[in-house]
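Assemble the whole structure, with the sequences as input and the hints as a guide.
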Amino acid sequence: VKAGDPICDLENIQLQLQLQEAITKRDLAKQRLEQIRYVASSNPVLALTAAEEEKALATAEGTVQELNYKLTRLRVVSPIDGIVFQPPEKAISKQSQAQDQLPAWYGNPFHASNSEAVFSEGDLLCFVAPTNEMEGVLV
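Going left to right, the sequence shown walks through residues 165 to 303 as my numbering numbers them.
Note that these hints are calculated values from the structure, not bench results.
Be a bit skeptical, because a hint or two may be false.
Claimed, not checked - Simulated pairs of lysine-lysine, BS3-like, Cα-Cα distance not exceeding 27 Å:
| id | residue 1 | residue 2 |
| --- | --- | --- |
| 1 | Lys-234 | Lys-219 |
| 2 | Lys-194 | Lys-234 |
| 3 | Lys-219 | Lys-194 |
| 4 | Lys-234 | Lys-189 |
Stated by the list, open to error - Now the in silico label distances, taken between C-beta atoms and shown as ranges:
| id | residue 1 | residue 2 | range |
| --- | --- | --- | --- |
| 5 | Arg-196 | Val-282 | 32 to 42 Å |
| 6 | Phe-249 | Ser-284 | 41 to 51 Å |
| 7 | Asp-173 | Gln-229 | 16 to 26 Å |
| 8 | Asn-176 | Asn-272 | 13 to 23 Å |
Please read these numbers as outputs of a predicted model, since none were measured by experiment.
Don't be surprised by glycine CBs; every beta carbon is placed ideally from N, CA and C.
If you want it as structure tokens, here you go:
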């Protein structure tokens, strides 16, 4: 792989739902601000309300940007040029076997059986080793 090449794309449904909710709140704040500005053109007392709504809109826009940033970080990219190696296999945990939990990954994270599994922050997905430091060992 080359530095910056995607290795895998993770999904976070909760984060996607939060983004959709934040976009809705932002759009509603835009509509309220437009309505207040329209009415404020004939009623100067509403100018203060417009300022408050502008702050609410800026906050909502910041939330949307932050959630978009978090979603972009779900794409795992290679930090360096090199070769991708799988991490040591992970044994199936007793907790993940419980029926009330989402399935945790086990074995090789890139195996098809893990396509719907839950990965936690800090899980080791792979190693990227620089090609100029590779050594062959015969056993």
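Comparing the hints with the structure gives:
Between Lys-234 and Lys-219, the direct Cα distance comes to roughly 23 Å. Compliance with the 27 Å bound is thereby established for this hinted pair. The suggested pairing of Lys-194 with Lys-234 holds, with an alpha-carbon distance near 23 Å, which does not exceed 27 Å. Proposed proximity of Lys-219 and Lys-194 is supported: the alpha carbons are some 11 Å apart, at most 27 Å. In summary, the hint linking Lys-234 to Lys-189 is supported, as the alpha carbons are separated by about 18 Å, within the 27 Å threshold.
The hint said 32 to 42 Å for the Cβ distance between Arg-196 and Val-282, and at roughly 38 Å that hint holds. Between Phe-249 and Ser-284 the beta carbon distance is about 21 Å. The supplied range of 41 to 51 Å is therefore violated. Checked against the given bound of 16 to 26 Å, the beta carbons of Asp-173 and Gln-229, roughly 20 Å apart, stay inside it. At about 21 Å, the beta-carbon gap between Asn-176 and Asn-272 stays in the expected band of 13 to 23 Å.
Taken one by one, the earlier hints fail for this structure only at number 6.
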